[in-house]
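Take a look at the letters that make up each chain.
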Amino acid sequence: MTLSVSASGHAVREDLLTDDAGLLLVIRHFESKLLDLFDRGLLNGTTHTCLGQEHVPVALAPLLTEADFVFSNHRGHGHYLALRRDPAGLLAEITGREGAVCGGVGGSQHLLNGRYLSTGVQGQSLPVAVGTALHLARSEPGAVAVAFVGDGTWGEGSVYEALNMACLWRLPLLVVTENNGIAQSTPTSMELAGTIAGRAAAFGAAHHLTGTADVAGLRAEAAPLLAAVRAGAGPHVLEVDVHRLGPHSKGDDTRPAEELRRAAEHDWYAPLAAARPDLDERARRFVDDIAEEVLSRPLSGWRP
Amino acid sequence: MTLSVSASGHAVREDLLTDDAGLLLVIRHFESKLLDLFDRGLLNGTTHTCLGQEHVPVALAPLLTEADFVFSNHRGHGHYLALRRDPAGLLAEITGREGAVCGGVGGSQHLLNGRYLSTGVQGQSLPVAVGTALHLARSEPGAVAVAFVGDGTWGEGSVYEALNMACLWRLPLLVVTENNGIAQSTPTSMELAGTIAGRAAAFGAAHHLTGTADVAGLRAEAAPLLAAVRAGAGPHVLEVDVHRLGPHSKGDDTRPAEELRRAAEHDWYAPLAAARPDLDERARRFVDDIAEEVLSRPLSGWRP
Amino acid sequence: MRVAESVNAALHDALGDDPALYLLGEDVLDPYGGAFKVTRGLSTRFPGQVLTTPLSESGIVGVAAGLALAGDRAIVEIMFSDFVTLAFDQIVNFAAKSVSMYGRPVPMPMVVRCPTGGGRGYGPTHSQSLQKHLVGVPGLALYEMSPFDDHRDLFATMLGREEPCVLFEDKILYTRQMFTGGTIDGLFRYDRVGEITRVGVGVGVGDPTGCDVALIAPGGMVHRALAAMRSLLLEQEISCLLLVPRRLYPFDGDAVRDLLGGVRAVVVAEDGSGGGTWGAEVAHQLHQRMWGQLRRPVTLVHAADSVVPSAAHLEHAVLVQDTDLRQALEETFLG
Amino acid sequence: MRVAESVNAALHDALGDDPALYLLGEDVLDPYGGAFKVTRGLSTRFPGQVLTTPLSESGIVGVAAGLALAGDRAIVEIMFSDFVTLAFDQIVNFAAKSVSMYGRPVPMPMVVRCPTGGGRGYGPTHSQSLQKHLVGVPGLALYEMSPFDDHRDLFATMLGREEPCVLFEDKILYTRQMFTGGTIDGLFRYDRVGEITRVGVGVGVGDPTGCDVALIAPGGMVHRALAAMRSLLLEQEISCLLLVPRRLYPFDGDAVRDLLGGVRAVVVAEDGSGGGTWGAEVAHQLHQRMWGQLRRPVTLVHAADSVVPSAAHLEHAVLVQDTDLRQALEETFLG
Ligand SMILES: Cc1ncc(C[n+]2csc(CCOP(=O)(O)OP(=O)(O)O)c2C)c(N)n1
Ligand SMILES: Cc1ncc(C[n+]2csc(CCOP(=O)(O)OP(=O)(O)O)c2C)c(N)n1
Ligand SMILES: [Mg+2]
Ligand SMILES: [Mg+2]
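Protein chains in written order, with the numbering used here: chain A, 30 to 333; chain B, 30 to 333; chain C, 48 to 382; chain D, 48 to 382.
Simulated from the structure, these hints should not be mistaken for lab results.
Keep in mind that the hints are not guaranteed to be accurate.
[To be verified] Derived coverage of chain C by chain A (criterion: at least 3 residues anywhere in the stretch with Cβ under 8 Å from a Cβ of chain A; other residues may be distant):
| no. | segment |
| --- | --- |
| 1 | 63–71 |
| 2 | 74–80 |
| 3 | 347–356 |
We put the beta carbon where it would ideally sit given N, CA and C, even for glycine.
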């Protein structure tokens with residue numbers, strides 16, 4: 030993974046952003062900071078934090094290069110931070126400040142940075158990812174298109190139009206599904222008949238399911254998949270069972286306390302913070318500093 | 030199957046339209062007549078004949094009642110004739126004459142007669158069929174929604190949105206796929222990754238594949254499926270391998286002669302006509318008479 | 048009562064009155080009650096009539112059409128109206144076509160509810176006002192929610208048309224209060240004539256058609272319109288008549304003309320982006336009917352020809368503000 | 048040369064000139080060569096650049112956008128423009144948004160080709176002219192094929208915009224001859240000014256702006272327009288100037304106003320159904336610019352507010368005929 034210089038030119042602390050544990054913690058504190066800023070009325074708009082799902086992009090990031098296309102979704106801060114290491118540019122984007130990676134136009138859900146792109150319409154990015162995969166297969170063999178979609182997004186017809194073409198044309202596409210068992214407020218069982226494994230198989234896409242929250246373990250499982258996709262083995266689906274710790278966006282978690290408690294049991298944070306309290310503290314301060322600095326910037330300029 | 034009185038009030042010859050062999054032959058001669066009328070410049074617009082696929086609706090017709098919803102597609106004349114026994118109303122529709130089942134507005138691809146409905150946009154009818162199945166499950170248990178779609182139509186995302194909901198809600202839906210190995214000009218292998226069986230399975234819909242062109246045999250295979258769907262067993266897919274003998278619409282068959290010859294080998298017509306030359310002749314004359322009569326009618330009236 | 052509560056109450060009544068009415072949408076079940084809480088309580092009271100659905104905007108509109116076709120009635124919620132683009136085929140090429148393409152009217156009582164518009168910082172794919180793109184589909188009617196309407200009557204009217212309707216609900220209204228009793232404040236009063244709400248100084252007490260200038264705007268624009276009218280009246284003594292049609296399409300040009308009386312300056316405002324606007328259709332209808340009377344062409348006010356940005360200050364610059372309305376009204380009257 | 052051959056030749060050239068240009072669509076491969084044969088020969092000559100696709104209108108527009116995003120260029124054929132409804136989300140909410148929602152222009156060179164319109168008896172879901180529904184999307188340009196255009200230049204222009212374009216191709220034109228050399232017949236000549244073709248008696252020889260009445264219409268309407276103009280001229284000595292903009296949106300009101308000179312009567316015609324038409328947008332732009340000059344409001348001619356029926360006689364009654372045009376021109380001039 031190449032380190033992008035922050036869109037803002039903000040000095041990045043390499044030790045925090047290159048180390049897996051540091052990156053995990055930075056993402057966690059970044060997301061917590063957002064919820065905090067919302068609570069204090071300092072943010073407007075909407076945001077979907079990836080609390081509890083940080084390990085997925087952190088595990089995948091070193092397996093990807095800047096030649097790879099990455100399509101993220103609404104729950105994409107972790108993806109962006111792991112892949113672009115640009116917390117200041119992202120926070121400026123979310124708060125509409127100078128140095129915003131997309132001038133404050135896109136906001137939380139609409140980011141573009143090199144070949145990293147996110148959009149707010151579920152499922153829409155999969156056919157687009159297929160188009161980029163087609164380009165890569167023809168013109169930049171060895172590179173892949175990676176699309177992150179949630180379990181609920183498998184309700185959208187676009188997913189199947191895309192899978193069909195990707196499989197027909199044997200394109201270098203990896204669909205990463207962070208299956209957190211819920212879509213907004215709807216449990217997977219009420220929105221998804223059958224399984225994601227079955228759906229991948231139906232089109233001839235290889236599928237791998239894992240539930241590990243261990244970064245190194247997940248990376249080790251994902252590496253051969255990515256290698257296969259790069260080598261021309263056709264579309265693969267990587268399904269990672271995860272646990273959404275926070276609300277869907279903000280203040281809209283209607284799950285019973287018991288369920289939230291169960292989700293929290295899977296959280297990697299407490300053990301890591303206990304094992305590396307200093308790193309945790311540094312990550313927290315790093316994010317605090319960025320927030321303070323970014324919020325002191327002038328508003329972003331842009332003209333339609 | 031209740032006999033609909035022809036929309037035109039045209040006297041129906043019950044022996045031809047109630048007997049399987051007679052119905053097969055009537056459909057065949059009806060479709061051939063259309064191509065003939067086109068060649069002679071007597072029809073405008075477009076038409077997609079079901080030459081070679083007549084046995085599917087003929088087999089299914091007696092298994093359905095007027096409480097069942099039937100969704101047909103562009104290649105729907107056989108479906109309509111088998112289910113509504115109204116050749117004059119259909120021909121009047123296609124030729125824009127008085128007595129047209131839809132006033133000449135819909136034409137070949139857009140028919141409505143009771144709970145029989147066809148549309149010209151592929152895949153669109155499946156979610157609609159799910160809606161009717163929802164109604165039936167709640168308000169008319171025992172009745173089913175049947176949707177005919179071709180193999181190519183499995184490219185459309187709507188198919189999967191519909192299957193997902195139908196399976197989640199365990200609705201009385203039968204998807205009949207007449208797999209003729211081609212979509213317009215595109216062989217199935219270039220448009221469909223994996224199999225239809227796999228796709229049904231992915232959503233938890235039961236699937237049955239058959240290649241029989243024998244009406245009684247196909248009916249016997251379909252009967253338990255329909256019974257299961259009626260009894261609440263949830264969505265089923267019936268896939269029938271068939272052979273498209275004619276062009277996609279008219280004069281647009283670019284398949285090599287050898288392939289057409291192979292398709293023709295599966296045709297039920299020659300043996301049946303040889304076995305029952307009188308019936309064949311009566312069916313042909315029946316259709317000739319209808320055509321002559323319908324074409325002598327005044328143009329249909331309608332105001333937007 | 049807030050507007051969201053009024054719509055919610057109307058849905059309660061509608062589902063209660065009609066056991067063959069279904070409501071479908073993503074996350075509409077209790078306790079969540081929909082992304083904007085408009086469906087709160089419905090699934091608890093009418094568990095058999097309220098269905099939460101997968102993320103399948105196209106599919107669920109198709110399901111609603113199927114219910115309608117089978118003799119039921121259906122209301123679908125599209126979580127953000129931006130996603131109605133996904134259901135365009137089902138709306139335009141199935142539901143609206145079915146009403147008319149089979150040679151005889153086929154009843155298709157269904158409503159597609161679309162929380163609409165910007166002002167909340169949700170960004171380019173969650174803030175659009177796409178009304179204009181659905182204008183002019185044969186067999187399809189478009190409505191817009193307002194803080195004046197009797198929402199029970201609104202749903203009854205839409206379902207009673209027996210053709211598909213799309214209802215746009217400006218999200219910004221949900222938390223605003225309903226107007227009641229014909230009075231807005233010390234300055235303005237309102238009444239309703241047919242499908243149109245009139246607002247102005249003279250309404251209900253004198254002759255409202257004696258105003259200097261008229262503003263035609265859908266429900267989502269009402270508060271900005273009132274602010275503009277107020278400052279125009281107090282600071283410049285220009286009186287404005289506001290007409291809020293709840294049915295956007297088919298637009299009833301005759302009814303509006305009749306309500307405009309002798310007004311010689313007209314502005315039409317909407318939240319959609321510039322170009323091919325609903326206002327152009329309104330303007331066309333009024334030009335046909337009032338050519339000699341109008342001092343200048345109908346002025347159209349709309350958002351910039353732009354995406355709706357996320358950041359509040361950028362969004363503000365793109366969307367229509369009360370000051371834009373005031374300026375347009377003033378210029379149209381004086382110009 | 049027929050129009051279909053001209054477009055086909057243009058596609059041959061475009062694919063030949065640019066190895067990073069892809070063409071995708073259903074059944075576009077040889078020997079079939081597309082439902083309307085416009086892609087004939089392309090897959091044989093450029094097998095690596097031409098892809099036949101499954102029935103997935105939404106998906107293939109997304110694929111085209113992906114290609115464009117990755118630095119390639121793409122042309123997609125939607126077999127019948129009616130099905131562009133299925134791709135609305137990809138066009139409106141992805142391709143057009145991507146151009147502008149990331150804070151800086153993102154090049155998105157892609158064209159969605161849409162065989163359009165009625166007159167061939169294909170029925171309600173295969174005969175529509177849906178141009179109007181795509182008017183006014185920020186970042187999206189609409190073009191229409193005509194028998195005048197240099198189609199090589201047309202594709203180069205559209206791809207050169209680096210924003211998504213939708214090209215409407217009236218199916219009825221495919222089998223008509225291209226006009227060449229500036230002459231239509233003994234009566235009418237044509238020339239091109241920027242993106243607009245002018246047709247009339249004075250064009251190229253005298254001052255075309257001295258006409259009695261002007262007709263603005265997209266390419267698909269040309270033959271009917273010529274027939275109407277001819278009979279108007281020969282039978283009533285009313286001269287008409289026809290303007291055919293190849294770019295329908297953004298509509299260049301200034302360019303059209305300049306070409307209209309002192310004309311005081313204007314008709315806009317299109318094949319779409321009544322209500323919310325492209326013509327309403329054109330009329331709005333002209334009213335803003337020519338208020339004092341116009342004797343009466345711009346007249347809009349369009350198909351009935353109706354589905355397009357299958358039967359030839361019913362279709363004829365719903366669609367715009369040359370006699371409708373003639374009547375509108377006459378009434379607008381005399382009225
Ligand atoms: C087409 C579309 N429909 C609905 C939404 C609103 N929405 C945003 S996220 C979401 C749930 C997505 O669930 P899932 O894919 O499981 O992702 P998760 O939020 O669980 O990460 C919904 C319904 C949307 N953004 N796009
Ligand atoms: C949405 C949509 N896309 C494209 C078409 C044009 N079209 C009509 S039939 C057809 C092929 C359908 O193939 P299949 O489903 O296998 O049915 P078959 O014609 O073989 O019976 C196509 C592409 C259409 N009618 N609707
Ligand atoms: Mg989820
Ligand atoms: Mg087929």
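Hint check results:
1. Only residues whose beta carbon comes within less than 8 Å of a beta carbon in chain A count, and the segment 63–71 of chain C has 0; fewer than three means the coverage is violated.
2. Under a criterion of three residues with beta carbons nearer than 8 Å to beta carbons of chain A, the stated coverage of the segment 74–80 of chain C is upheld, 4 such residues being counted.
3. For the segment 347–356 of chain C, the assignment as covered by chain A holds, since 5 residues bring a beta-carbon within under 8 Å of that chain's beta-carbons and 3 suffice.
Comparing the model with each earlier hint shows a violation of hint 1 alone; every other hint is respected.
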